[in-house]
Structures are given as C-alpha cells and as structure tokens.
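Student: Place chain B on chain A using the hints.
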Amino acid sequence: MSEKLSRASNHLTFLRTLERWKPAEIVFWVALVAVQFVFPTSLVFASQILITGLFALSLDMLLGYAGIVTLGHAAFFGIGAYTAGLLAAHGWQDPLLGLVVAGAAAGIAGYLSSFLLSRGGDLTRLMITLGIGLLLFEVANSAASITGGVDGLQGVAVGKLLGLFAFDLYGKTAYAYVLVVSFLLFAFVRSMMHSPYGLALRSMRENQVRALAVGIPINAVLTNIYTLAAVIAGIAGALLTQTTQFVGIDVLSFQRSADLLVMLIIGGTATLYGGFVGAAAFMMVQDRLSNLNPQYWQFFLGVLLIVMTLYLRGGLLGGLGRLAALCKRRRDKERS
Amino acid sequence: MNPILQTRDLWKAFGGLIVTKNVNLSLARGARHALIGPNGAGKTTLINQLTGVLRPSSGQVFLDGEDITRIPPNARVHRGLSRTFQINTLFPRLTPLEAVTNSILVRERKGLNIIKRRVFGVSRRVNHVDEAYHLLEQLNLAKDCLVETHTLAYGKQRLLEMALALAAKPKVLLLDEPAAGVPEGESDELFAVLNSLPKEISILLIEHDMNLVFNFADRITVLVNGEELVTGTPTEIAEDPRVREVYLGKGH
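Chains A and B, in that order, give the protein sequences.
Residues in the first sequence are numbered consecutively from 1, following this note's numbering.
Residues in the second sequence are numbered consecutively from 1, following this note's numbering.
Hints were generated in silico from the structure; no laboratory data involved.
Ideal placement from N, C-alpha and C gives every residue a C-beta, glycine not left out.
Do not rely on the hints blindly, as some may be mistaken.
Just a few of them, taken from the derived set where beta-carbon distance is under 7 Å, the chain B residues facing chain A [claimed, not checked]:
1. ARG8
2. TRP11
3. ILE71
4. GLN86
5. ILE87
6. ASN88
7. ARG93
8. LEU105
9. VAL106
10. ILE114
11. GLY121
12. SER123
13. TYR133
Below are the DMTMM-like pairs computed for lysine to aspartate or glutamate, each with C-alpha atoms no more than 25 Å apart in a straight line [stated by the list, open to error]:
14. B:LYS171 / B:GLU239
15. B:LYS156 / B:ASP144
16. A:LYS328 / B:GLU148
17. A:LYS22 / B:GLU148
18. B:LYS169 / A:GLU206
Chain A with its partners taken away, still in its complex shape (with noise of 0.2 Å):
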C-alpha cells in the first residue's frame, strides 16, 4: 500500500519540480538586482542588456516554445519604441502609461498580422515575418516627418518615474526600472509556460498535426500566443525608448531580429533564460571584440556562432546544464 502511494505521488512530485523556482533562478534576479550597486558605472549597457534580454524572452516564446520561426520580430520592437517616442515627445511623458500604450500598439500589429502565420510552414512564415519587417522599416524611413527618417526620432522627454524618480545620466533610474519591468513579465510568462496554456503550446511546438488531433485549436493558440509575444516585445523597445531618450531606425533593421535569433540560440531556447544568458553574452562580446578589432571583429562572431552550434548544443543553458548533470552524476557515484 505505502509502495503503491508512493509511487502515485511520484508523477506529480516530478511535475512540481519542473515548475518550481529553482536556486539558480533566485541567484539569477539576486545578482541582477546586485548590479545595481557594484557596478554603478556600467548601469546604461547593463539596462540595454536587460532590454534585449526581455526582447528575446518574447522570441522564445514564438520559436522555444511555440516553434514558430520568425525573421521580423524587431517590427514589434521598434512599433513600441516609436509609440513609447512620439508619445513621450508629443507631451504624454509618464514612462508607466507609454509601455501601456506602446505594448498595446505592439500588440494590435502582432494580432492583425498572425492571420499571415496561420497557414504555412516554416519557410512561409519566415518570408512573411522578413516582408513584415523590411516593409515597416521603409514605413518608418519615409515618414520621416513623423519619425525623424535615418536621423532618429529627436525631442523624446521622458517625465519621472511615479512622479519621484527622474531618470539620470548615469542610468540608476533607468536600470532599477527596467530590472522591475523585466522581472514582473519574466514572472508572468514563466507562469504562463508551465500552465495548461504552456503545456499546449509545448504539445504545439512538438507535432502541429497531433496537437490538432487531441483538440487544440491551432490557429487560434498561434494567434494568441503571436499577440502576447507582440506586446512583449513592444514594451521591450518602449524601455529602450525610454532609457536612451532617443528613438533610432535601427529598432526595426533586419539586424536587430536575425541578432536576437543569435542570442537567443547562443543563449538556449525553450529556457526562459536564454534570452537573458544569450544577450548578455553577444552583447559583452560585442563590445569586447569591437574594442579589439572595431574593423573586422564580425569575424570572430561568425567563428564563435559555428563553433558554438556545432559544439554547444542547446546553446550556452544547455551546456551548463550537461555540466551541473555531470557533476552530479560525479557526486553520486562518489556518495556510493
């Protein structure tokens, strides 16, 4: 009898474990939160790091765990950068309602164009995801008038924060703020990937033609989940708006989604974290090889994306966690 009740509760032990906040996660945020205060000069990179991280958890939720690809997630970027910019330049400058406003326009664009997604295969949906992308990135160059064209949009004055808390040279306010932001939508996607919802979308990912089979409306979950991924992403580049005071054309370029593919894949899909560990990582090596080699340091990227793909599969989380597997494996042969 105790054998049996044992071995019942086994499936739900090993469901819980799955879904709760491991220490690794809880010395993830703890560390961030550290940032903050040990490395006061380095807080502007640390809260673009931050803000591409967020931006990339809203791609894993398209390609990690929808398996949907995508080469034009930056239109939902720069859609909320530009809401979040002409906003704040047209006298609306409360940070808070901008990332309402700027996740809701992303999130409106990211509804309409799924119905282009819902029929197709992989290859469809990249083409189609690319057109969306190069066709806003023109929208927004030629509406220069409006957008400020190739020079950026200018005159972005972003109020304070709660009406306390201005936003300094230095990015204490900037960084503390979006360190918030991001914490609170990890928390909610997180969640959210290990509801009901994250399980169907997970059975979605693995075989469309089966998850259709057991009852999931497939079209309708795409729609759903292309939406929120929108909003995320919108609220992301509203924060870079935001932080930086200034609105670039670059927030829609091609480069900034087949970028975020790379930190993502470098960082590890399906992880929550590998946006986060993948952007971290691009970026300081980034700034690293440029400052060595400002000319050719795409190079090294180039070398580094192969090796890594080749070698690192699963991307850096999945490395580190063969590691940890190892490690106990060690542990336990030694223990017995």
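Tutor: Okay, now just chain B, sitting in the frame of chain A:
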C-alpha cells in the same frame, strides 16, 4: 438506435482522381467495426474526412446524429471523435505524463477558468494529472511516463498513441493500423488493451493483418478503389467470393 458515426454519399476527388466514391459507412453504437482493403483503397483518406483534416467534395458526415461535415478537426475531438495514427504522431520531447495530461486538460478546458488555464502550474491540476497517470498505468506505460517520449521503445510508443486518443474520452475511436510495425507476437499487449476497452467506446479499426481483424471485429467493411465493396459479419466476409478475388486475385 441510430448509428454513432455515419457517412452519407461521401465523395472525394483530387482533380480527376476519385479516392472516395459514394461511401455510406455506418458505425453502430458499441461496434467493433473493421475497415479493410488493399493498399491504395482510400482507407486513410476516408479517416481524414471523418476527422475533418480533409474536406469531402460532397456528401456528409454525422456524429451521433449531428452533421459535422463542416466542423474543424479540433472541435470534432470535443464532440467525441478521436483517432490514432498509422505512423507514430507523438510529442517527442514531452514525457508521456505531460502528453496525456495535455489531452485531458484540453478536454476539460471549459471547467478551468483563465487563471487555472494560464497562470497556475499543471501540477495544481492534481485530479487530471492523477487521471493521466492511471490511464498510463492501464496501458502499461506507468514505468516509462517520466522520460521523454522519443526515448521509448517502439511498442510503447504505439501504446502511447492509444493513450493520447483515449484521454479525450471519445465516443468513437478511429484506430489507424494500431499494430503497424509491431513485430508479430508483440502485438498481444496492444490487442489485450484494445479488447479491454469499454463498450461505450465505438471503434472503427483500419488494419492490414487479417488475423487481427477477424479476431477483433464484429463487423467488417471492405473498401476497394475508394468504393464500398461489401459490409458484413466476419463469416460473411470470409466466404464472400468478391473479397477473395480482391485479396488473392482471380483463380482462387
């Protein structure tokens, strides 16, 4: 009593190629009905029209008396029509426990509010996870239910095919060659499971292996070139000269 699943003058053509020709199939409640026919007879095309993956050119499909011809596949599952696949169509990187729980949670989605569906973890749905575990136990998959599906032995994956379909609590179960690829002698486990299914589940079985069909079915339909050749009891089918001709060629 009216049949649980029925087609009326079902017709499907791809250009000039007719793959389903005036099929009037009728599945009685509680039936163990087999659909047989030589390769290319249009068996799988017929299944795809029953499940809604393919739209018929003309004709209708009725489930429990209701016309479901224009209803999408996922909605048919909610009305009680589930299927398995001839080629394993599983979720390779989900564990069987997650995969079956997923089927159950999809079935029960109306009973879950948005917080339970979107925010709370799957492990909080204790009853549904337990149900998944017990179903896996019945199919001898309990021991393997916490490892990723792609690591399971082929025979176990065939059983999981059935588990995913059964988790939806179907009224009608369409089995597309459940024993396909399972070596002779190892299909016993599978058919023991099939024979133990309750009578409330009506089954339409597509199968190549004549022994399995004659042991399992109480009614058989023979499909040839997209057309229904004959329907009858296993004895009638075994003695029908036209069926012999199709399967063995003339001269036998």
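Student: Closer than 7 Å between Cβ atoms is the bar; does ARG8 (chain B) clear it against chain A? Give me holds or violated.
Tutor: 24 Å, violated
Student: Is the interface hint satisfied for GLY121 (chain B)? The criterion is a beta-carbon contact with chain A at less than 7 Å.
Tutor: 4 Å, holds
Student: Quick check on the hint: LEU105 (chain B) CB to chain A CB, less than 7 Å?
Tutor: Since the shortest Cβ distance to chain A is 4 Å, the answer is holds.
Student: Is the shortest C-beta separation between ILE87 (chain B) and chain A less than 7 Å?
Tutor: With a closest approach of 10 Å, the ILE87 (chain B) hint is violated.
Student: Does TYR133 (chain B) pass the interface check with chain A, least Cβ-Cβ distance below 7 Å?
Tutor: 5 Å, holds
Student: Can the hint on VAL106 (chain B) be confirmed by a CB-to-CB distance to chain A that is less than 7 Å?
Tutor: 5 Å, holds
Student: Checking hints one by one. Is GLN86 (chain B) an interface residue toward chain A, by the C-beta closer than 7 Å rule?
Tutor: This hint is violated: GLN86 (chain B) lies away from chain A, its Cβ roughly 12 Å from the closest one there, beyond 7 Å.
Student: Holds or violated: the hint that ILE71 (chain B) contacts chain A, with Cβ atoms closer than 7 Å.
Tutor: Violated, because the Cβ-Cβ distance from ILE71 (chain B) to chain A comes to roughly 12 Å (cut-off 7 Å).
Student: Measure nothing beyond the straight line between the CA atoms of LYS171 (chain B) and GLU239 (chain B); if it is 25 Å or shorter, mark the hint as holding.
Tutor: This hinted pair is violated, its Cα atoms lying about 31 Å apart.
Student: Given the proposed pairing of LYS169 (chain B) with GLU206 (chain A), does the C-alpha separation stay at or below 25 Å?
Tutor: Satisfied, since the Cα-Cα distance of roughly 22 Å is no more than 25 Å.
Student: Against chain A, is ARG93 (chain B) within 7 Å by beta-carbon distance?
Tutor: 6 Å, holds
Student: Assess, step by step, whether the Cα of LYS156 (chain B) is no farther than 25 Å from the Cα of ASP144 (chain B), and give holds or violated.
Tutor: 9 Å, holds
Of the hints listed earlier, those the structure fails to meet are numbers 1, 2, 3, 4, 5, 6, 10 and 14, in rising order.
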